[in-house]
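> This is what each chain is made of:
Protein chains: 2
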Amino acid sequence: PRLHESLEERRSSSKHPIATRLFELMMAKKSNLCVAADLTSLDEVIKLAESIGPKIVVLKIHVDILEDFSLAKMKQLRKVAKAHEFLIMEDRKFADIANTVQQQFHGGVYKISEWADLITAHPLAGPEMITHLFGDSSSDSRRTCGCVLILEMSTKNALTSQDYSKEAAKWGLIASDIVAGFVGQSPPDADFSGWIQFTPGVNSASKSGDSKGQQYCSPAEAVLERGADIIIVGRGLIKSSDVVATAENYRSEGWTALTKRITNP
Amino acid sequence: PRLHESLEERRSSSKHPIATRLFELMMAKKSNLCVAADLTSLDEVIKLAESIGPKIVVLKIHVDILEDFSLAKMKQLRKVAKAHEFLIMEDRKFADIANTVQQQFHGGVYKISEWADLITAHPLAGPEMITHLFGDSSSDSRRTCGCVLILEMSTKNALTSQDYSKEAAKWGLIASDIVAGFVGQSPPDADFSGWIQFTPGVNSASKSGDSKGQQYCSPAEAVLERGADIIIVGRGLIKSSDVVATAENYRSEGWTALTKRITNP
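Chains as they are written, first to last, in our numbering: chain A, 354 to 618; chain B, 354 to 618.
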């Protein structure tokens, strides 16, 4: 049902405020584009966000590759996100026991919980890691941040087997007040129309991937064949000479594919 | 063979300089104790390391929960590690594609490659993530840092199944110039006597675990029943009122168990 339902219908079945917000942004901006801003300078990330902000619904970053990180600069990025209406996803891939993850999420130098709308997490450590991710039930982060559960990875010979993804998806459903969506290369058996599927490794120019195990697919393939709601484009965009034009191409290709999937079931 | 071989024999079969070094430290200090210094202040970590340094062979930290992190302080910790002869393990649990992990390892604010002797990584993303972990074959880090591959987690319903661990152990064997050891709750089928098994969740006082899915076992159980070479003790030590006496107890219990396992096969 998720694949062919309208975004309006799906928004109303969403159980997470951040997923609800993301459905709204997608409809308002006619975009299902997430850009992976894998740059090593936060100043550069802010510059990129200012230019492509109108085209995207999510900006995905890795806070721990930024050489010039500061909370002040992160506030600046939040201002850009507010002005251009997109969400910030910290692709931290939390993968530890709950007691540690809580500290990594709230504490340290990065204070991820203060600025991230979405974070990614591996379900590896078990269901209690998911339910305790943001802290106890009184934690504000349960409303301000959504977990995107990594059910499948896009690399060669990844260990995210069918059994693995299936089990994790079940836990995600139980914790649907915490889990706003998932990263995957296909719809899980235990799918839920209020969830949002993020698919990375999208690149129009390259079919082959990188030399370190990453594999690519096109926006249409990601949306029509693999079930992506949001396409994640990284090196295919940030290494292009005209990022705004490239962002517009990906937005248009991605949105066309999504519209086609919904209207021609 | 690993379980009952002497540390001297195992040192000579090691294919990684950091594993070799760790075998030497274990023999010299009669210790197989790793303390998980899960504190939120690096000043406090340094203080703890100065007091328990003589008892331990590895100090495990989470750099991203430290509120007062600086590279200068990390250099101070390295001095303590040199003076008291223990290794520093950054329990980062790298769990992304190789292209990202390389940047997380070398870059950002933390510059983990500049100060970590050991890092932990999940094999999730596939074998190429392991071989490309530290950069290309010319990277200095291949000699200065060892990967500890997480084959099993200690939490309830963890997704590290037998198939998962088995496949990952095979990859680890192929990349034995990168992988110095593994985190596990049991010896893998594809075991290797030059590898070092790290077992977390060791706590003498509590059998029950925490309230968020973590499960505990005693030092003797970890070494004799689960195959641990190195026991990882966290809250059982850092929350005790006399950390030095507690460290000595864990060192003695752990070492007695390891000696017993080797001499009474």
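Don't take each hint at face value.
Pairs of lysine to any residue, SDA-like flavour, derived with a Cα cap of 20 angstroms [said to hold, decoys possible]: (1) A/K428 / A/I399; (2) B/K592 / A/L526; (3) B/K464 / A/K592; (4) B/K464 / A/T393; (5) B/K428 / B/K383; (6) A/K464 / B/V462; (7) B/K509 / A/L392; (8) A/K464 / B/L392; (9) B/K464 / A/N452; (10) A/K426 / B/K592; (11) A/K400 / A/L356; (12) A/K464 / B/K428; (13) B/K560 / B/Q515; (14) A/K592 / B/Q456.
Some chain A residues judged to face chain B by a derived CB distance under 10 angstroms, without partners named [what the hints assert, rightly or not]: (15) R431; (16) V433; (17) A434; (18) Q456; (19) H475; (20) T484; (21) A543.
Simulated restraints, written as ranges between beta carbons of each label pair [unchecked claim]: (22) B/D493 / A/E403: 34 to 44 angstroms; (23) A/A425 / B/S593: 49 to 59 angstroms; (24) A/K400 / B/P370: 50 to 60 angstroms.
No lab work stands behind these hints, which were simulated from the structure alone. Ideal Cβ placement from N, Cα and C applies to all residues, glycine included.
> What hints, given by number in increasing order, does this structure fail?
Violated hints (numbers, rising): 2, 3, 5, 7, 9, 10, 11, 12, 13, 15, 16, 17, 21, 23 and 24; every other hint is consistent with the structure.
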